[in-house]
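Based on the provided sequences and hints, a complete structural model is requested.
Counted the way mature numbering (1 follows the signal peptide of the UniProt record, and there is no 0) counts, the sequence shown spans residues -27 to -1, 1 to 493.
Calculated directly from the structure, the hints in this document are not laboratory data. Owing to the predicted nature of the structure, the values given are computational and were not obtained by experimental measurement. Worth double-checking, as some hints may not be accurate.
Stated by the list, open to error - Lysine to any residue pairs mimicking SDA-like chemistry, simulated, CA-CA at most 20 Å apart:
1. K207 with G183
2. K368 with G390
3. K268 with K442
4. K324 with D312
5. K442 with G414
6. K168 with T17
7. K436 with K268
8. K314 with R443
Claimed, not checked - Just the calculated beta-carbon pair ranges, DEER-fashion:
9. K368 with Q121: 28 to 36 Å
10. R126 with Q63: 13 to 21 Å
11. K220 with K486: 26 to 34 Å
Yeah, the Cβ is synthetic: ideal placement off N, Cα and C, and Gly gets one too.
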Amino acid sequence: MQTTRRRFLGMTAMAAGAIALPNTIMAATGRRPNLNIAVQDLRTILEPVDGSSIANVSWRVQYSIFDQLLRTDYNDNFRLNFALATSLKQIDATIHEIRLRDNVKFHDGSTMTADDVVFSLGPDRLRGEKAPGAAVFANFLSSLADVQKINDRTVRLITRTEDPVFAQRLGAWGTQIISARARAGASSYDAWAAKPIGTGPYKIGEVRNGDEITLVAHDEYWGGQPPFASIRFKRLPEIAARIAGLKSGDYDIVTDITPDHIAEIEGVNDLSIVGGEAMWFRFLTFAPLRTPILKDVDLRRALALAIDRGALADGLWDGRAKALTSWQLPIFGEINDPDRKGVSYDPAQVKELLAKSSYRGEEIPYPSVGTYYPMQLAENQALVEMWKAAGINVKLIMCENWTQVGDIGGINDTSGGAFYADPVSMLWQIIGPTNDLQSTGGWTNAEFNALGHELETTTDLAKRQAAFKRMQDIVEIEDPCITPLHSMPFIYGQKADVSWQPNPLPQMYLGPKMPPEPVA
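In structure tokens, the structure reads:
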């Protein structure tokens, strides 16, 4: 019998992009409007390579403040385009030469040169062990070894090894270019990080008490005139408050709408729902090195196989999410294994695994903040019920913040996605040795790490296919440390006269429509 959303909720006891100007506004005022957006959360450190900026709530604000060397068009099948760079030439296996766009203006009116690129990607900001961007570098640009100025408009980027996805990295995250002169003139790093100078379509106006950020149009933007005079992001954690503000006209766009609330917006004149399924995913990690009971491989496999991912996707998201059973995505193309089945809901195998495991009903901790992701608490509760039905005793522990979650270990729920069309940006980036699960001592696997290194350092397709396949075998069967759940839809409510196309990632691009400039 098909599980309906109503039946699912009752069963699990869970009751407890491109912007176009709003034509009507333009016709009435003859000038660009101001845009007001209510969001679930904000981060007020706005330096894009700061470690705190590796978060959904940071990316959606910062994506309109900064430019990168290349630009990934997520609404055009992840097509890679030129941005601050206008050409990319590979000199040999480890040397790439880029030509910079002419007459790019920073928010302070100064002109971008190669010196800004060298500093932005240099050891003081990004590549150094103690640099503020060390975590971003490790996650997104780890192959970059050096940046050399050839002349004011030309830079060479040198990698440690051959890198099959180096161009894609330049259009993902971490290559945002800032003004070297403005950074040098800042009184402190904290002062700089609160109001950095970039080249994007909007500059930072005012930041208030962690609850509000206002961006102002950068009218010298190289990509064309920004469509809004200003953009205000207002933090409103409660979804009811965001929807009420949308209905009253206080906000033009509101984020993180859940299926339970869609009808409240769709049924109102002049309001609409946009967004939906995304290239962003919810998943669980297991920390066996910090949680003795989870050292049992059979128990970890049973935890993964006891999850009915289809019921979660359909029951929580009313069909707007898609169950994820492996780490393969269609955008990865020929590197995928077409015969791979991944993980599936299998109560019979769960029973067999538990019978041969050392598990005897011990309590397994499952810490969660419960309110960071849309539908998070409902999903937490549903998973606990699924494990209970399988005979696994998981205790949901509500935490006030992510630090508390990290201190407990056990099972952790989080999210991640593909920043470019290659598995390096997905499984390897999520649980590689520089990311949280391994860096905090929750899990490690020497073979997995060696394979991941091969995946990101060889261009031989057959070797890459074999490495990716084996990496999935390890984390699904032999040493489970992570299991996928489903896609995480990004659903927004907005005024009908604001024509906006969301990205299938957390970023909210609010600048002018950019013409394609494909990287060959």
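Right, here's what the structure says about each hint:
| no. | hint | in the structure |
| --- | --- | --- |
| 1 | K207 with G183 | 9 Å, holds |
| 2 | K368 with G390 | 27 Å, violated |
| 3 | K268 with K442 | 23 Å, violated |
| 4 | K324 with D312 | 26 Å, violated |
| 5 | K442 with G414 | 25 Å, violated |
| 6 | K168 with T17 | 9 Å, holds |
| 7 | K436 with K268 | 31 Å, violated |
| 8 | K314 with R443 | 14 Å, holds |
| 9 | K368 with Q121: 28 to 36 Å | 54 Å, violated |
| 10 | R126 with Q63: 13 to 21 Å | 18 Å, holds |
| 11 | K220 with K486: 26 to 34 Å | 29 Å, holds |
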